[in-house]
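K.L.:
We have chain S; now place chain U onto it with these hints.
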Amino acid sequence: MNRHILLVAAALAALPLVAHAAEPFRIGLLVPMTGPFQSTGRAINDAVKLYLKQHGDTVAGHKVEILLRDDAGVPDNTKRLATELVVRDHVNAFAGFGLTPLALATAPVATQAKIPEIVMVAATSSIVNASPYIFRSGQVLPQPATIAADWALKHGVKKIVSVVSDYGPGYDAEKWFNDRFTAGGGTVVAALRVPLANPDFAPFLQRVKDAAPDAMYAFVPAGVGGIFAKQFVERGMDKSGIRFIATGDVTDDDNLGDMGDAMLGVVTAGPYSAAHPTELNKAFVDGYREVSGGHRAGFVAAFAYDGIDMLYRALEKTKGNMDGTALAEALKGLSFESPRGHISVDPETREIITPIYIREVKKVDGALYNVETETFAAVKDPAKIKP
Amino acid sequence: MLTILVDGLAYGMLLFVLACGLSVTLGVMNFINLAHGAFAMAGGYVAVVLVNGYGVPFLLALPIAAIAAGLLGVVLEQTLYVHVYRRSHLDQVLFSIGLVFIAMAVVDYTQGSQQQFLHLPNFLKTRIDLGVVSLGTYRVLIICICGVLALALQAILTRTRFGARLRASVDDPVTARGLGINVNAIFAATFGVGSGLAGLGGALGAEILGLDPSFPLKFMVYFLIVVTAGGAAGMTGPFLAAILLGVADVAGKYYFPSVGAFIIYTLVIVLLVWRPNGLFAAASGR
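Chains as they are written, first to last, in our numbering: chain S, 28 to 414; chain U, 479 to 764.
In isolation and in its complexed conformation, chain S is listed as follows (with noise of 0.2 Å):
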């Protein structure tokens, strides 16, 4: 396997010599289009139809092609179906990724393949240290969560309790916001983590309205984030004068129009909002519900936009030229306007920076929306700032 990917590299490195402009540039999409986290899958795939309905399928002469692969959700496929698109398919870059170990495992194939490989979703601050052909076009969840521990602290919030899902990204959201909270004179009365096929949250909620906080602090999956902000009005403690901050997950597009009133006066720190008041989000979320089937653009499908966005720009940097590094080299560097706000790419970390937003949930012609009240203009990953 290793010896084809050599050979595959090899060929695409000697490619420039022989392309003409008539070559497609093939972007492999690996999502998961199947298995729990399909909903992630299908909103990437809406997102790139949009982008390519609005943006047309020629770039810098080159006809653009995606390649769609369904990985379910499971590293092994991701990286197998990463090398046959480089073998078989010759693909000039990767995109999609919904969650981190998909992103990690295909940063060996896109270092030896020297291909770009754009993480629209996956979260986790680390992924881009894995191959120097990474970059992300999403977030890192260390940006909101700080920026949502900034905020309480800049509104008298001196007491919180932490409540986080417990995996991988629970673990940055909690590790970063309590650090910053911390290091910004606040207290953390309680760090609590919830399993994450918790089936009820009454014992950690009452533990939190015990604590009595200023503030509780969430992060849990967006599926479940309805079901505990239910539990978290149900239990009075709305009214007992606990506020709810979490990062903009939580409150996701997605599902927020289901997840009922409980929501409304909920705080969140995002990067983005469907309610996001300009021109570009208008014919984003408007595109979106028609191509989608009528749902409501969420961040994973910002995300997804802005990272074939960004495919797109580097190809008309290199004039056409198609070489991964040329592709790496253009993308660094990239400033631009998208659905969210203005967006560039870290030249030396290869991370997003990006906008970050204070919302709360309101309503907004009947629906509940995510209201941006707060900016926080062109955040860089916490993470990887040295200190």
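To be clear, the hints were calculated from the coordinates, so they are not data collected in a lab.
Incorrect hints may appear among the rest.
Said to hold, decoys possible - Computed list of lysine to aspartate or glutamate pairs in EDC-like fashion (alpha-carbon distance at most 16 Å, straight line): (1) S:K407 x S:E375; (2) U:K603 x S:D265; (3) S:K389 x S:E401; (4) U:K603 x S:D288; (5) S:K80 x S:D336; (6) S:K389 x S:E399; (7) S:K181 x S:E401; (8) S:K90 x S:E50; (9) S:K266 x U:D607.
To be verified - Listed next, with one range per pair, are the computed distances between beta-carbon atoms: (10) U:H567 x S:K309: 56 to 62 Å; (11) S:V101 x U:V737: 26 to 32 Å; (12) S:D237 x U:H597: 26 to 32 Å; (13) U:V618 x S:H369: 50 to 56 Å; (14) U:V737 x S:H182: 30 to 36 Å; (15) S:S362 x U:I747: 55 to 61 Å; (16) U:V527 x S:E375: 49 to 55 Å.
Using N, Cα and C, we set each Cβ at its ideal position, and we do this for glycine too.
P.N.:
Leaving out everything else, chain U in the frame of chain S:
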């Protein structure tokens, strides 16, 4: 802490309603039905579609969900389950786990993979304040419904003619047939009731346990724990086991959150070492 006790009680009661059907099929009919959770999921989805989609009042949607799941149970029992009653336990396990995957795929295809949110009426979202303690109305409702059901089931099983026939059919189907008892009909009815109860549990539990296509797999362990720890004789065992596990789980997660997830399993191990056949084992070993 009274609130924790009530929360645990509600959770335990919910587990009981979800699992009691299984304790009938597994314990009484001696059939390993891992697809039990699929009927609970069916009930949950029926309730969600009715309440959210058609605006049916929640309290009316509950019995409809139970009946729908029960009918589904009877139909599947008559068409599929009858063929595997006499097969080995391995066949039964393979058959029913296959059914689980089919059910998950069907729900996924028709309803999508996302978490479903049941829109409860406002009067159930309030809290009852009793001075010393305040309780969620919805949890109190769960305790009431499930408590009544538990009593009714126990009475039916031990006091009525149907109960006597069911017990006879299980102990010795051949003799029971000889005495003119329609064993097949009794099994079908029992299976339907068990599935219906699961459906009710799924509808009641959507608010607390959540509802998505992975529901039958996620909660299979809990159902099996309740039945195993409770023992297979009558309703008392599973009932007490469900309450005990519910309260222990909630209290454990409250007082020792770092090890909370393990408490329920530890308790099961201790219980089974102490009483290998469950809290209330059948007098005659089967």
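K.L.:
Now tell me if each hint is right for this structure.
P.N.:
Hint-by-hint comparison with the structure:
Our distance criterion of 16 Å between C-alpha atoms is met by K407 (chain S) and E375 (chain S), whose separation comes to about 11 Å. Under the criterion of a C-alpha separation no larger than 16 Å, the hint pairing K603 (chain U) with D265 (chain S) is consistent with the structure, at around 13 Å. Proximity of K389 (chain S) to E401 (chain S) is assessed by CA-CA distance (about 14 Å); at most 16 Å being required, the pair is judged to hold. Proposed proximity of K603 (chain U) and D288 (chain S) is supported: the alpha carbons are some 11 Å apart, at most 16 Å.
As the CA atoms of K80 (chain S) and D336 (chain S) are separated by approximately 12 Å, the hinted pair is consistent with the 16 Å bound. A C-alpha spacing of about 10 Å is found between K389 (chain S) and E399 (chain S), which places the hinted pair at or below 16 Å, so the restraint holds. A hinted pair counts as satisfied when its Cα atoms are at most 16 Å apart, and K181 (chain S) with E401 (chain S) qualifies at roughly 12 Å. For the suggested pair K90 (chain S) and E50 (chain S), the alpha carbons sit about 7 Å apart, so the restraint of at most 16 Å is met.
Under the criterion of a C-alpha separation no larger than 16 Å, the hint pairing K266 (chain S) with D607 (chain U) is consistent with the structure, at around 13 Å. At roughly 59 Å, the beta carbons of H567 (chain U) and K309 (chain S) sit within the given window of 56 to 62 Å. Against the hinted window of 26 to 32 Å, the Cβ-Cβ separation of V101 (chain S) and V737 (chain U) comes to about 30 Å, which satisfies the hint. The hint said 26 to 32 Å for the Cβ distance between D237 (chain S) and H597 (chain U), and at roughly 29 Å that hint holds.
Hint check: V618 (chain U) to H369 (chain S), Cβ distance near 52 Å, so the stated range 50 to 56 Å holds. Checked against the hint of 30 to 36 Å, the C-beta distance between V737 (chain U) and H182 (chain S) comes to roughly 34 Å, which is consistent with it. With their beta carbons about 58 Å apart, S362 (chain S) and I747 (chain U) fall inside the hinted range of 55 to 61 Å. Distance hint check: the CB atoms of V527 (chain U) and E375 (chain S) are about 52 Å apart, consistent with the given range 49 to 55 Å.
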